[in-house]
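Undergrad: Sequence order for the protein chains is A and B.
FYI, full-length UniProt numbering numbers position 206 of the first sequence as 206, with every residue one higher than the one before it.
FYI, full-length UniProt numbering numbers position 324 of the second sequence as 324, with every residue one higher than the one before it.
It should be emphasised that the hints constitute simulated quantities derived from the structure, not laboratory data.
What you were told as hints is all true, and nothing was included just to trick you.
Because identical chains cannot be distinguished in the list, a pair is counted as satisfied if it fits within a single copy or across any two copies.
Listed below are the simulated PhoX-like cross-link pairs for lysine-lysine, each with C-alpha atoms no more than 25 Å apart in a straight line: (1) Lys395 - Lys101; (2) Lys218 - Lys157; (3) Lys395 - Lys157; (4) Lys317 - Lys349; (5) Lys147 - Lys5; (6) Lys407 - Lys157.
There are 2 protein chains.
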Amino acid sequence: MKSVKAEIIAVGTELLLGQITNTNARYLSQQLSYLGIDVYYQTVVGDNLNRLKQAIELASSRADVILFSGGIGPTQDDLTKDALGEVLGRSQHIYPEAMKKVESFFEGRDKPMTENNRRQAIILEGSEPLDNEVGLAVGIAVSQDDKHYIVLPGPPKELQPMFENQAKPWLAKNVLSDEQPIYSKMLKFAGIGESALEDGLLDLISAQTDPTIAPYAKEGEVTIRLTTKADSEKEANVKLKNMEAEIRKRLPDHMYADQDITIEEQILLMMTGMGLSLAAAESCTGGLIMENLTRIPGSALVFMGGVVSYSNEMKEKLLNVPHDLLEGENAPGAVSEEVAEVMAAEARKLLDTDFAVSVTGVAGPGSSERKPVGLVYIGLAERNQPTQVFKLNLKGNREAIRIRSAKSIMYRLWLRLKELQQEQIVQNQNESK
Amino acid sequence: MKSVKAEIIAVGTELLLGQITNTNARYLSQQLSYLGIDVYYQTVVGDNLNRLKQAIELASSRADVILFSGGIGPTQDDLTKDALGEVLGRSQHIYPEAMKKVESFFEGRDKPMTENNRRQAIILEGSEPLDNEVGLAVGIAVSQDDKHYIVLPGPPKELQPMFENQAKPWLAKNVLSDEQPIYSKMLKFAGIGESALEDGLLDLISAQTDPTIAPYAKEGEVTIRLTTKADSEKEANVKLKNMEAEIRKRLPDHMYADQDITIEEQILLMMTGMGLSLAAAESCTGGLIMENLTRIPGSALVFMGGVVSYSNEMKEKLLNVPHDLLEGENAPGAVSEEVAEVMAAEARKLLDTDFAVSVTGVAGPGSSERKPVGLVYIGLAERNQPTQVFKLNLKGNREAIRIRSAKSIMYRLWLRLKELQQEQIVQNQNESK
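Only chain A is shown next, with the shape it has when bound in the complex (with noise of 0.2 Å):
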């Protein structure tokens, strides 16, 4: 099997500003190899004809498959569907169905069209138009002397779905029918360094075995993608179900899920399963759990609600935290085993729900209570359970030690419902008996 070469031209003077980042190139990229695809260069050009001639040029001249994306909106800055119609010697011309969505698009508007919006409708001669679900600007596809050439539109919310949708369907039918499809899978680990994680899949990893096995690391959570070549869904369901069970057995208190999801909406998953609530009382992270939480939708039927208690006043105020276990000789002092425990239990009586989680600790820069940078207590509190509280020694500027503690706490939560589950599918299995 020949391998196919992409490249990407992203087209926009404000890239080249530095005003945006260009983060359709990473898109684009990922996407591409999941297909199997390899991208040689990404490109960035502004918005300039004969810059962007050449820039394709070069492109036809050592890539298979060409992606462009933007410079496709109404205005006269907008060039790519020019650049690309003079250097292929293809005329524009407008494709109906795109031109009524600009005209009923302003006809619910006070301010009338202006002319330059029939550019969004342009497309090449002997091209296929690519619909745009999210906006105006039609895309292209285009195939010429054994070269595939797609526009997509800049902005990222318009690009994905017209990549995902159109683009891909057509690179699978034009591109790549004479090769066997991908099918990749995402598992997802907590607890676990990219490091320790790679360690224990290592003899997987360098077998390079099938379905191949790719490991990265972000934002204090672990993925892995699976990915494998077959001729059918089923086949490769089959492949990749064997690779996740094996490497399940290997990880089995790491894994979380086998999608791409965080950990916090894996835990409002398994607690909308089970009926369970939450709450949270913060010092260090000071919020940072809760907007976790909360920043996904329907987190409201499990997360009640919590406190961040960040002097300590306010942890006795709110919380209920005893002066002598905060200030005082031989206190413990606000950065401790105790105060963490308090805080947990105190937050689940004080909102009467079934969890609550608690965080203390020093995020730094500077030490606090003469205790070093990256100490951290979380506490799990649980009703009818006594309370546990983990220590944490975190690496890492101010916002990596609250990220990381914010996981920590979150992936000790996860492991509780987990022993739950299976102590609850081990009880359903009694009772059938």
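On the provided structure of chain A, position chain B as indicated by the hints.
TA: Frame of chain A, contents of chain B only:
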């Protein structure tokens, strides 16, 4: 003055696989634009010697300054210095100071230094070493045939200080020495959208005055960068200060800072100076306001803590919101002026602070209490003053509504603090009479 053209080459297969976003290209583009250097192309190329050499040759044919990010680590995949050495015909040698740093790094470790690590100390014949303050790999600056090459490390936390402290002075001396230096200043705005701000300054922006004015928006805040060329810093400061004064005169109730800080940072600065304290009660923002405040080092001096009252029950229990306001046929409901008022006032009382802010609203995706998505009430309570409530009708998805709600109440708090500062000034003037 001849314009200087630049090209940025980011090196790394992880970029082409879409595993990471090319934030270095944005950072360098922005920095170069501040220096008055025009970036014509950004290129990304993988860890492949031939393709990298081709990219260097192409860049040398179309740019005056070529900046590299990445590919200077210890592994055999790190090829940037090899490729540049081959293209320029310059041999490699070890830079002793960098080698000492690598060796002393490994002296403190259990693991022995592998031979590969010597690669991090390589510079090219006749090149200037650029010190790496954060990591081990030394950078390079070298000129040949009127072209200038700067090699920087891939990790942003290493690249940014090396650019700022090493590469920028080298560019100033070797590339920009004939040019007038560029000076710039950031102004920050709140409570106003980017287009309304542009409307207010349209004559200044379109006149391309000196200093030039460039507005841009992100994450609920608007920034303006003023840029000017001048022979001396003193001359530049006069020009920048005059333009700043003109803009402040037009938008006195929106310009909150003359440096690049968030409105939360500005509020903490003002409140620290005035010895004031702050609490929060959040419903639909679910901890976002507190997280924005507590991520700032030193926030504990001002911010005492607060409450996330996500459910109605919690609004009653934690914040004494009367049941009659929340439920019942004629109750205004949780998303109402009345509830926002009680939440702010009670949070202030509970935490005994000078100020408290509150938010209650419908962030979506679904509506609640048959109220529309985007309807939000924000409250501002102040010791010995009536509590103010403001109604917002926001557009956008859940995330956008949460961010804008949080920024809107911070804007209201800033306006009030500004008023207090002015009263204070008047009072001091009267006293000194």
